[in-house]
Amino acid sequence: MSDVARAHRKKIADQANVRAGMRELDRIEERFIAGEAHDARRDLFELLEDANRAEQLYTAIVTLLPRVRHLEAGAALAMAGGSLVEDGASAGPLGRAIIEPIVRSLVAGRRLLDALRGRYVEDGDVRIGEGEVTEKTMNELTASDAESIVAWRLLDEWYAPAVASWTRDLTVLREAQCDEQLCALVRTIGDATPTTEWLSRLLAAVLDAPFVVLFPEIGEAWRVRIDGVLDMAQLSVLLAQALAAPIRRIRGSKPPSADQLATLREGPQIGEPYGCTVHYYPQEALDPATGMPRDGRHTWRAPGGTGSHSLPEDFQPGTLTLREGARILVAVGPRSPGTLRGTREVRVARPFEALAARALDASQLDEETTRHWFALSGR
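When we follow my numbering, the leftmost residue of the sequence shown carries the number 4, and every step to the right adds one.
Take the hints with a grain of salt, since some may be wrong.
[Unchecked claim] Now the in silico label distances, taken between C-beta atoms and shown as ranges: (1) 48 / 306: 33 to 39 Å; (2) 262 / 37: 51 to 57 Å; (3) 359 / 337: 50 to 56 Å; (4) 312 / 174: 34 to 40 Å; (5) 134 / 213: 24 to 30 Å; (6) 91 / 327: 38 to 44 Å.
Source of the hints: derived by calculation from the structure; they are not laboratory data. These figures come from a predicted structure and were not determined experimentally. Glycine residues also receive a C-beta, built at the ideal position from the N, C-alpha and C atoms.
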């Protein structure tokens, strides 16, 4: 038999296995619909155990997911797909397939939060959303909108497959970031659930984006490309290495260690804290009268709250204002005029294992371009 014939024969066999897998997954969804969730999950686990069918099962999962209507069945299939991605399956197909069912679950979960407004009590029976409610309230809501209760309970199950797939295929993560309904729902629910809290951070990640960093104390501007960064803690550590030369000239902190940098890319996800004496501000904080950033001039918002001093470590740099295709930061050292600026212990961590944070292609801008960026920032 020729190689072409063998390949054709394998393709036909794989397609038959995919169709068989879809029929089995349909039966599993039927068991969920019939209220046999425990048995349905057991059957799904047994399918996952057959390593010889993993590729075809994965194809069946990502094909079925967008049209699975039963929320618990969809979450279970997504979890199974996430496990296969972690075992080496291509992340992109699952990452795209789960967006629509996640949105559907978030819409239903949001209905529950809306229904609970004004019904929280101090000593309730169940904690959900912003507070506690009585068992009577939950029974009433179950009777009127059971789907919203189920959706809320299942939100935590969407976290693992979303992170597994989106952090391993950044093209799909960018697509998710561009889904306005998804991002709006995640922001609206916010920290009411761990899933939406962490997905909001992931959806705000900076991916392969240019930054311009201004150093008003020495009149320099530098451009650097940032990728995979979630917050100012990561960015501060990366810039301390990528922009070590101008930071040295403003008498800032020394570059991080090789181990601290490695933590942001691979290996252990938590490293030793970094002592940072450089303080970063958004460009809106620049005072045109002095050419320096000033506390109290601009109020920023971070997951932990708001402020008008230098940016905290949980601030999401992806939320900085875009100017001419780049985000602008203003960096000052420990001896800059104005507010006393001490050393901050910045955490060194990579919250999502597969999402590596990097600072690339740092270069100093020429004098004319530097003047342009300072003038642009002072407006």
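When you take the CB atoms of residue 262 and residue 37, is the distance between them in 51 to 57 Å?
53 Å, holds
Using the Cβ atoms, figure out if residue 359 sits within 50 to 56 Å of residue 337.
About 30 Å separates the Cβ atoms of residue 359 and residue 337, which means 50 to 56 Å is violated.
Determine whether the Cβ-Cβ distance between residue 134 and residue 213 falls within the hinted range of 24 to 30 Å.
43 Å, violated
Should the hint that residue 48 and residue 306 are 33 to 39 Å apart at their CB atoms be regarded as holding?
Holds - the Cβ-Cβ distance for residue 48 and residue 306, about 35 Å, lies within 33 to 39 Å.
Is 38 to 44 Å respected by the C-beta to C-beta distance linking residue 91 and residue 327?
Because 41 Å falls inside the window, the suggested range holds.
Should the hint that residue 312 and residue 174 are 34 to 40 Å apart at their CB atoms be regarded as holding?
37 Å, holds
The structure shown violates the earlier hints numbered 3 and 5.
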